[in-house]
Amino acid sequence: MKPLRTLRLSDAVWNLALYILALVMLFPFLWLLTTSLKQPQHIMAVPPTILPPVATLRNYLEVFRKANVPLLYFNTLRFALVSTLCIVLTSSVAGYVFAKYRFPLKNVIFVIMISTMMVPFQSYMIPLFLMMVKLRVVDRYLGLQLPYLVQAMGTFFMRQNFEAFPDVYLEAARIEGASEFAIMRRISLPNLQSAMGGLSIFVFASTWDNLIWPLIITNTAKNYVWQLGLAVFKQQYTVDYGQFTAAAMVVVAPVILFFVLFRTRIMSGITLTGIK
Amino acid sequence: MTRLGGGRLPSPDVGPERMKSPLEQHKVRFALAMILPIFALYAVLRIYPIVQAFYLSLTDYQIGIRKYSFVGLANYIDLLSNLDFLVSLKNSLSFAALTLVFTLFIALMIALVMSRAAIRGIGLLQTLIFLPVVVSVVPSAIIWNWIYDPQYGILNYLLSLVGASPMNWLFNKSTALYAVIAFTVWRWIGYYMIIFWVGIRAIPETYLEAARIDGASAWTSVRAIVLPLLRPIVLLATVLATINGFTIFTEVYVMTTGSQSAPGNTLSVLTFDIYQRGLVFYKVGEANAEAIYLFLILIGFTLAQFAMNRRKQDLY
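Chains A and B supply the protein sequences, listed in that same order. Each step along the first sequence adds one to the number in my numbering, with nothing skipped, and position 4 is 4. Each step along the second sequence adds one to the number in my numbering, with nothing skipped, and position 265 is 265.
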């Protein structure tokens, strides 16, 4: 049995400090929630009140009236899910092949692919946009999606993970007469599900968060993803805090719910995938 | 070395005289069949635009004007005396440096306290502190715009309680940079906290136990054991924070652009200036030169950070 530790004074101070900090971190979200439930005269009240004197859903109704919420969700989810699927697939296959096979020019191909990781998106976004103009996919879903089929960081991350995967499994399957494709599909990929899961969370979160490419490539409201829709909404109704906090809540609420449900996986997915 | 089916195993001698079994050839064909389509995607979606960015930066290309000519390094030289570029460069440098210092310092302090003191409910605390990382930039920026509001914002109200006069935080050139920095620090603390936390947890407890037996205080063991062992993680966090700091766009775009997409911005950073120059004013040549400057700055800082770390390690 471990002896019960009594809380020392210094520990009590540290606990208090961390909980105050956590409250400060949380405060903007609480403020968002309560503002979105306030009536205009209460939003502009001096001194401000934390809780709305009279709660109202009026702001939410206005948001649903002015913006096509289901379409925004559809556009955003399609962009985030297809990106996740494609990037995880291409990264896993490329990472596996780089880790376990030898072929001519392997190192050259690897270095060229991985070196694109060093170039920030903002450095080549204009030529990418000009390419989309030539392909006539501006303001279309395809134009939004095309740049997010591959990701150098994902490829590098999956190669690192596959290098730790023992060769004996592959050799055993070869002796059994399995084809290389079957080995990849039935043995290698299924064994790295947790790495792929981490990468999925990372890619999903970063695509969901993406504003700059949707801003460049889309012009019409029917093609907006949430980030762009919110940014435009904010520019149009600059002073109506009730409405734009409600709009922000509509985006934030499901994310927070997901995070609370799967917090450990999400935290390690976002941070550790980024540093491996 | 004799092994059953040894011919199948990749042999270390890569030479033209190496025996190629049918299986070996099959494996090469499989690998190429898998990698070439993916490489083609990289070639079209990454390598071509990157090469194009270099090429266009050497021209006077403008969207809407068909003819363009090769101007050498003129765009690069012109930018060095361009006020918008210089202001953006200065803002990006201050932004990256200040967010890096504040975010990493606060995150490291939190992670150290969590690991060294008897903290109740670490899981809950970490979840709350990490929350801003998962919530997207745009809705978070909207909340902070509301907090910073010059007339009804709660920040000005709180400051008025101690007698400060109200400020227009985001639309005043002297405060906009710091207002966006505070927002960014708030958003990123949780991310680096987890990175540091994982790093500290990887340090074997026996080291710290030994120090405790020798009578080292908590602070001494942090300084003498935890921080030196954490050095690779801190370096990594520094590189990541530098890259994040120089490539922020959304924060600046959402928080400091005026209503109705009015041109002009109280706070410009390199990424915003590239966007505006190339895709709002259509000066593609100049914008790409600026994009290449951004790339060179990032590469420079990353290499410098790794080099500095190596030199420090050599001292031991």
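Mixed in with the good hints there might be a few duds.
Said to hold, decoys possible - Below are the DSS-like pairs computed for lysine-lysine, each with C-alpha atoms no more than 27 angstroms apart in a straight line: (1) K134(A) - K173(B); (2) K283(B) - K134(A); (3) K134(A) - K66(A); (4) K173(B) - K283(B); (5) K222(A) - K66(A); (6) K67(B) - K283(B); (7) K20(B) - K106(A); (8) K20(B) - K100(A); (9) K90(B) - K20(B); (10) K283(B) - K20(B).
In case anyone wonders, no lab produced these hints; they're calculated from the structure. Fair warning: this is a prediction, and the values are worked out from it, not measured in the lab.
Each hint tested on the structure:
The straight-line distance between the Cα atoms of K134(A) and K173(B) is roughly 39 angstroms, outside the 27 angstroms bound, and the hint therefore fails. Restraint check for K283(B) and K134(A): the C-alpha separation of about 18 angstroms stays at or below 27 angstroms, so the hint holds. Of the supplied pair hints, the one linking K134(A) and K66(A) is violated, its CA atoms being roughly 34 angstroms apart against a limit of 27 angstroms. Between K173(B) and K283(B), the direct Cα distance comes to roughly 25 angstroms. Compliance with the 27 angstroms bound is thereby established for this hinted pair.
For the suggested pair K222(A) and K66(A), the alpha carbons sit about 13 angstroms apart, so the restraint of at most 27 angstroms is met. Restraint check for K67(B) and K283(B): the C-alpha separation of about 13 angstroms stays at or below 27 angstroms, so the hint holds. Straight-line distance between C-alpha atoms of K20(B) and K106(A) comes to about 17 angstroms, which keeps the hinted pair within the 27 angstroms bound. The hinted pair formed by K20(B) and K100(A) meets the criterion: a straight-line CA distance of about 17 angstroms does not exceed 27 angstroms.
Only pairs whose Cα atoms come within 27 angstroms are accepted, and K90(B) paired with K20(B) is rejected, the gap being roughly 58 angstroms. For the hint pairing K283(B) with K20(B), the CA-to-CA distance comes to about 55 angstroms; that exceeds 27 angstroms, so the pair is violated.
The structure does not agree with the numbered hints 1, 3, 9, 10 stated previously, though it agrees with the rest.
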